[in-house]
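Novice: Residue numbers (the UniProt record's numbering), protein chains in the order written: chain A, 1 to 249; chain B, 1 to 306; chain C, 1 to 327.
The set of hints was computed from the structure by calculation and includes no laboratory data. Note that the coordinates shown come from a computational prediction; the quantities given were computed from them, not determined experimentally. Mixed in with the good hints there might be a few duds.
Stated by the list, open to error - Some residues of chain C that are not near chain A, with every Cβ distance over 10 Å (derived):
#1 E4
#2 L10
#3 F29
#4 Q80
#5 P84
#6 M86
#7 T168
#8 V170
#9 V211
#10 A213
#11 V214
#12 L216
#13 L221
#14 F295
As the list claims (entries may be wrong) - FRET-style restraints, in silico, Cβ to Cβ:
#15 A:A56 x B:I213: 30 to 36 Å
#16 B:G110 x C:N167: 42 to 48 Å
#17 B:F121 x C:P84: 54 to 60 Å
#18 B:A71 x C:L85: 54 to 60 Å
#19 B:I124 x C:V180: 54 to 60 Å
#20 A:A59 x B:A71: 28 to 34 Å
#21 A:A59 x B:I288: 37 to 43 Å
#22 B:R164 x A:H205: 33 to 39 Å
#23 C:S97 x A:T61: 57 to 63 Å
#24 B:R87 x A:Y222: 44 to 50 Å
All residues carry an ideal CB built from backbone N, CA and C; glycine is no exception.
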Amino acid sequence: MPEPILSARGITKSFGALKASDDITLDLRAGEIHAVIGPNGAGKSTLIAQLCGGLAPDAGTVQFLGHDVTREGTAARARRGLARTFQISALAMEHSVIQNATLGCVGATGTPWRIVSRALRRGPLRDRAEQALARVGLQDHAATRVADLSHGQRRQLEVAVALTLQPKAFVMDEPMAGLGAEGSAQMTRLLHDLRHEAPILLVEHDMDAVFALADRISVLVYGQVIATGTVDEIRAHPEVRAAYLGDET
Amino acid sequence: MSPILIAEQVLNGLQFGVMLFLMAAGLTLIFGVMGLINLAHGSLYMVGAFAAAAVAGLTGSFLLALIAALAAAAIAGALVEIVVIRRLYARDHLDQVLATFALILIFSEGTRWIFGSFPLFLDIPGWLSGPVTLPGGIAYPLYRLVLIGAGLAVAAGLGLLISRTRIGIQIRAGENDREMIAALGVDISKLYTIVFALGAALAGLAGALVGAIQSVQVAMGEPVLILAFVVIVIGGIGSIRGALVGALLVGLTDTLGGIFLPELFKLFLDPATATAVGASLASMAIYILMGAVLIWRPTGLFGAPA
Amino acid sequence: MSRETILNALLVAGLVALPLGAHLAGEPFTVTLATRAVILALAAVGLNIALGLGGLVSLGHAAFFGVGGYAMGILASHAQSYVPLMEAPFLIEGTKSMPVIWLVAVVASALAALLIGMLSLRTSGVYFIMITLAFGQMLYYFAIGWAPYGGEDGLPIYVRNGFPGLNTLVPIQFYALCLVVLLLALALHAVIARSPFGLALDAARQVPERVRAVGLNPTRLKLAAFTLSGAITGLSGALFADLNRFVSPTMLSWQMSGEIMVLVILGGTGRLFGPVVGAAVFVALDHHLGGLTEFWQVWLGVILLAVVLFARGGLIGLIAGERRTDA
Numbered sequence: 001m002p003e004p005i006l007s008a009r010g011i012t013k014s015f016g017a018l019k020a021s022d023d024i025t026l027d028l029r030a031g032e033i034h035a036v037i038g039p040n041g042a043g044k045s046t047l048i049a050q051l052c053g054g055l056a057p058d059a060g061t062v063q064f065l066g067h068d069v070t071r072e073g074t075a076a077r078a079r080r081g082l083a084r085t086f087q088i089s090a091l092a093m094e095h096s097v098i099q100n101a102t103l104g105c106v107g108a109t110g111t112p113w114r115i116v117s118r119a120l121r122r123g124p125l126r127d128r129a130e131q132a133l134a135r136v137g138l139q140d141h142a143a144t145r146v147a148d149l150s151h152g153q154r155r156q157l158e159v160a161v162a163l164t165l166q167p168k169a170f171v172m173d174e175p176m177a178g179l180g181a182e183g184s185a186q187m188t189r190l191l192h193d194l195r196h197e198a199p200i201l202l203v204e205h206d207m208d209a210v211f212a213l214a215d216r217i218s219v220l221v222y223g224q225v226i227a228t229g230t231v232d233e234i235r236a237h238p239e240v241r242a243a244y245l246g247d248e249t
Numbered sequence: 001m002s003p004i005l006i007a008e009q010v011l012n013g014l015q016f017g018v019m020l021f022l023m024a025a026g027l028t029l030i031f032g033v034m035g036l037i038n039l040a041h042g043s044l045y046m047v048g049a050f051a052a053a054a055v056a057g058l059t060g061s062f063l064l065a066l067i068a069a070l071a072a073a074a075i076a077g078a079l080v081e082i083v084v085i086r087r088l089y090a091r092d093h094l095d096q097v098l099a100t101f102a103l104i105l106i107f108s109e110g111t112r113w114i115f116g117s118f119p120l121f122l123d124i125p126g127w128l129s130g131p132v133t134l135p136g137g138i139a140y141p142l143y144r145l146v147l148i149g150a151g152l153a154v155a156a157g158l159g160l161l162i163s164r165t166r167i168g169i170q171i172r173a174g175e176n177d178r179e180m181i182a183a184l185g186v187d188i189s190k191l192y193t194i195v196f197a198l199g200a201a202l203a204g205l206a207g208a209l210v211g212a213i214q215s216v217q218v219a220m221g222e223p224v225l226i227l228a229f230v231v232i233v234i235g236g237i238g239s240i241r242g243a244l245v246g247a248l249l250v251g252l253t254d255t256l257g258g259i260f261l262p263e264l265f266k267l268f269l270d271p272a273t274a275t276a277v278g279a280s281l282a283s284m285a286i287y288i289l290m291g292a293v294l295i296w297r298p299t300g301l302f303g304a305p306a
Numbered sequence: 001m002s003r004e005t006i007l008n009a010l011l012v013a014g015l016v017a018l019p020l021g022a023h024l025a026g027e028p029f030t031v032t033l034a035t036r037a038v039i040l041a042l043a044a045v046g047l048n049i050a051l052g053l054g055g056l057v058s059l060g061h062a063a064f065f066g067v068g069g070y071a072m073g074i075l076a077s078h079a080q081s082y083v084p085l086m087e088a089p090f091l092i093e094g095t096k097s098m099p100v101i102w103l104v105a106v107v108a109s110a111l112a113a114l115l116i117g118m119l120s121l122r123t124s125g126v127y128f129i130m131i132t133l134a135f136g137q138m139l140y141y142f143a144i145g146w147a148p149y150g151g152e153d154g155l156p157i158y159v160r161n162g163f164p165g166l167n168t169l170v171p172i173q174f175y176a177l178c179l180v181v182l183l184l185a186l187a188l189h190a191v192i193a194r195s196p197f198g199l200a201l202d203a204a205r206q207v208p209e210r211v212r213a214v215g216l217n218p219t220r221l222k223l224a225a226f227t228l229s230g231a232i233t234g235l236s237g238a239l240f241a242d243l244n245r246f247v248s249p250t251m252l253s254w255q256m257s258g259e260i261m262v263l264v265i266l267g268g269t270g271r272l273f274g275p276v277v278g279a280a281v282f283v284a285l286d287h288h289l290g291g292l293t294e295f296w297q298v299w300l301g302v303i304l305l306a307v308v309l310f311a312r313g314g315l316i317g318l319i320a321g322e323r324r325t326d327a
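Hey, can you work out the whole structure from these sequences and the hints?
Specialist: What follows is the structure, encoded as structure tokens:
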């Protein structure tokens with residue numbers, strides 16, 4: 001079995017008496033989409049924060065590309081090639097679409113201290129930003145202010161900004177959230193192709209999308225991973241049916 | 001340096017701290033409940049002092065003067081809240097800073113217009129003046145002791161008000177969840193006006209009480225306001241207990257620093273240099289204290305972690 | 001061309017034409033008034049970089065204004081008394097040369113801003129406002145107690161400092177010098193606003209978590225902006241002291257911080273020429289209303305309140321409409 005790209009090994013995080021992450025171990029391998037599902041309050045946001053660097057676990061380690069990144073911040077992990085998207089779009093609302101994408105390029109190329117050149121001038125930065133926009137279908141909206149985009153377009157821009165990092169792995173926090181059927185289908189097609197560039201850890205509520213996309217699924221309940229397996233294995237798993245699908249279907 | 005001098009300075013520091021608490025409590029309450037930064041809080045302090053001086057001048061009664069200070073500051077606070085401040089709750093801090101800075105200009109210059117540029121004087125009434133002898137043979141001004149007692153009494157009363165009464169429960173709920181208390185049928189805009197007027201009354205009371213030992217003049221509130229900010233930063237925004245601890249820390253540091261730092265430097269510098277260096281350092285001591293607290297706890301001693 | 005660009009061009013034309021006209025008409029006082037406006041505008045351009053681009057509500061910029069002012073005062077006072085600043089370990093003498101004074105003012109105020117910024121940026125929001133205010137006040141009290149350099153009374157300088165090739169005692173020449181500095185600072189702001197640094201900084205103001213997620217450190221970006229901002233305000237402080245031939249703790253007072261912020265907001269936060277409009281209007285109001293009534297600041301307060309409550313985006317926003325993004 002190849003070395004995982006991103007892995008959590010026994011991470012535990014408590015807030016007072018609440019164990020939001022209870023000895024979680026999971027990994028993300030090259031070329032796969034690994035979905036994490038679980039009911040509200042299962043600890044998905046806490047897990048993402050620990051994977052991406054917003055929170056430090058009380059115990060356990062996070063490994064990325066063979067490095068122990070447990071004590072590194074969000075920015076350091078991003079520089080190593082870990083790209084995340086946010087559940088609630090975190091975009092510069094006053095900026096245009098191309099400015100948001102360019103910000104990703106500035107971060108990826110480590111050039112925030114350039115003060116003389118124009119950020120949006122024609123050149124490698126701009127090309128990279130435009131390619132990312134084209135991948136998600138926003139190439140005709142480059143000059144639009146984010147505040148004027150539709151909700152679905154903002155979800156696409158979230159993914160585009162992550163793409164500008166040319167990452168080694170994606171962590172996506174509910175990319176389908178709030179999308180209609182058509183938007184969901186479009187996003188599903190996009191993610192389907194993306195896994196070949198970098199594997200995706202996909203935290204998602206939309207079960208149709210998860211079952212259509214995921215190579216493997218982990219089920220998180222009360223801070224614990226109660227099962228990990230293929231779509232069919234998870235569908236058939238008795239504990240999962242009881243704990244999770246029973247509530248939802 | 002004699003123990004008596006030290007004891008006197010500690011009392012002075014306490015007295016200063018307690019008065020700072022009256023200012024800081026209102027500021028921190030208003031920030032905690034409404035999320036508003038109010039630069040014009042010092043103007044309400046000034047309003048209280050001027051109202052007291054004017055009423056004392058007319059009636060000769062110190063008690064009436066204090067009541068006038070409370071009433072004038074509370075009314076001014078309520079009016080300002082209704083006319084200007086309530087338009088600012090939904091705005092960002094920058095707009096709040098600017099609008100309340102504008103209010104300072106209006107209050108200060110308006111007061112100068114009405115009362116002129118010369119300071120007024122508010123006398124300590126006869127029954128509160130003169131020194132008393134404390135255990136240990138310390139002679140200390142009675143009025144300053146009364147200030148300490150009054151300030152601590154207000155602190156205790158405020159604590160009770162917040163923890164025990166209906167309005168206190170609403171205030172605490174307002175700090176946590178605005179929608180929730182609106183949903184429970186509490187008239188939130190009335191609550192905000194009351195909280196603002198309460199904070200204003202505390203500031204006005206402090207202005208009147210301090211006005212009797214200093215002069216009453218335009219812009220007297222701003223230095224106190226800035227110290228109250230230092231108090232809140234140290235104590236943690238929104239925390240009444242933090243305001244009390246912070247105020248006492250600042251009061252003691254400022255008073256004792258001014259006395260002891262020059263003495264300290266005299267141990268290893270010549271007297272003239274020691275006095276100069278000590279005095280400069282003493283004037284910065286509370287800011288150094290603030291910087292130290294910030295490095296240790298960026299949200300203050302009693303503030304919720306960000 | 002957008003309306004804002006046209007407005008900016010008109011403003012530059014006015015900055016050149018009006019004082020020149022006043023000079024030709026033999027009204028040096030008007031030229032001096034314009035110089036005051038230009039120097040205050042420069043102070044506000046400094047703050048606008050921190051406030052407009054970085055979203056840093058600093059209520060302590062008088063600290064940098066004053067550090068610049070005292071840099072000038074100290075160097076020039078030593079030059080006029082022929083007493084060196086220090087002799088050991090090496091000799092440092094005073095100077096009456098503006099370029100040297102400016103350099104010292106910029107470096108000193110940048111250092112002050114770096115230190116204050118490092119501490120203040122550990123916090124955000126309302127804490128940041130209060131802390132910058134408090135640090136400004138700390139320097140104010142320090143200056144009051146600093147007896148060798150005048151303490152509370154301040155420090156007079158008898159003759160304005162010199163600039164190679166100019167006679168700075170002639171009002172229009174000193175004005176021209178100040179105007180060139182202001183235009184250079186505006187150019188710097190314009191270049192920064194469109195640069196990768198400006199993009200990242202503006203994003204750090206809006207969504208710091210996104211900036212972190214693309215691998216950048218928002219606090220460091222803001223600290224850089226705060227330092228640069230302090231340096232520009234410090235330079236304006238040196239010019240202001242030279243205009244008045246006097247420096248005193250008043251330059252460090254919190255009212256000064258408030259005024260610099262008022263200039264930015266009055267003109268329009270984050271607008272390139274906001275500080276210019278703000279300073280021009282402020283100085284004109286000061287002069288005209290101040291001539292009518294001693295209590296003109298009441299009316300300044302009312303105007304300011306009206307701008308905050310009803311004209312968001314300041315005067316430039318009122319004339320040129322909403323701020324446009326770079327596309």
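Novice: All hints, please: hold or fail.
Specialist: Evaluation of the provided hints:
1. For C:E4, the condition that its CB be more than 10 Å from all CB atoms of chain A holds, with the nearest at approximately 15 Å.
2. The Cβ of C:L10 lies farther than 10 Å from every Cβ of chain A, with a closest approach of about 25 Å, so its non-interface assignment holds.
3. For C:F29, the requirement that its beta carbon stay farther than 10 Å from each beta carbon of chain A is met, with the minimum near 39 Å.
4. Consistency note on C:Q80: stated as away from chain A, and its beta-carbon is indeed over 10 Å from all of that chain's, at 38 Å minimum.
5. The Cβ of C:P84 lies farther than 10 Å from every Cβ of chain A, with a closest approach of about 37 Å, so its non-interface assignment holds.
6. Its beta-carbon lying about 35 Å from the closest one in chain A, C:M86 satisfies the requirement of being farther than 10 Å from that chain.
7. Chain A leaves C:T168 outside its interface by the beta-carbon criterion, the shortest separation being 30 Å against a cut-off of 10 Å.
8. No Cβ of chain A comes within 10 Å of the Cβ of C:V170; the nearest lies about 35 Å off, and the non-interface call holds.
9. A cut-off of 10 Å between C-beta atoms contradicts the statement that C:V211 is not in contact with chain A; the least separation is 7 Å.
10. The claim that C:A213 is not at the interface with chain A is violated, since a C-beta of that chain comes within 10 Å of its own (minimum 5 Å).
11. Chain A draws C:V214 into its interface by the beta-carbon criterion, the shortest separation being 3 Å against a cut-off of 10 Å.
12. A Cβ of chain A approaches the Cβ of C:L216 within 10 Å, the least distance being about 5 Å, so the stated non-interface status is violated.
13. At roughly 6 Å, the least C-beta separation between C:L221 and chain A is not larger than 10 Å, which violates its mark as non-interface.
14. The beta carbon of C:F295 sits about 39 Å from the closest Cβ of chain A, which is more than 10 Å, so the claim that it is off the interface holds.
15. Checked against the hint of 30 to 36 Å, the C-beta distance between A:A56 and B:I213 comes to roughly 52 Å, which is inconsistent with it.
16. The beta-carbon spacing between B:G110 and C:N167, approximately 45 Å, falls within the hinted interval of 42 to 48 Å.
17. A C-beta distance of roughly 48 Å is found between B:F121 and C:P84, which places it outside the suggested range of 54 to 60 Å.
18. A hinted range of 54 to 60 Å for the beta carbons of B:A71 and C:L85 is consistent with their spacing of about 56 Å.
19. About 59 Å separates the C-beta atoms of B:I124 and C:V180, a value consistent with the hinted range of 54 to 60 Å.
20. The hinted range of 28 to 34 Å is not satisfied by A:A59 and B:A71, whose Cβ atoms lie roughly 59 Å apart.
21. Restraint check, A:A59 to B:I288: a C-beta distance of roughly 38 Å satisfies the suggested window 37 to 43 Å.
22. Hint check: B:R164 to A:H205, Cβ distance near 44 Å, so the stated range 33 to 39 Å is violated.
23. As the Cβ distance of C:S97 to A:T61 is approximately 60 Å, the hint placing it in 57 to 63 Å holds.
24. Range check, B:R87 to A:Y222: about 46 Å between beta-carbon atoms, so the 44 to 50 Å window is met.
The earlier numbered hints that this structure contradicts are 9, 10, 11, 12, 13, 15, 17, 20 and 22.
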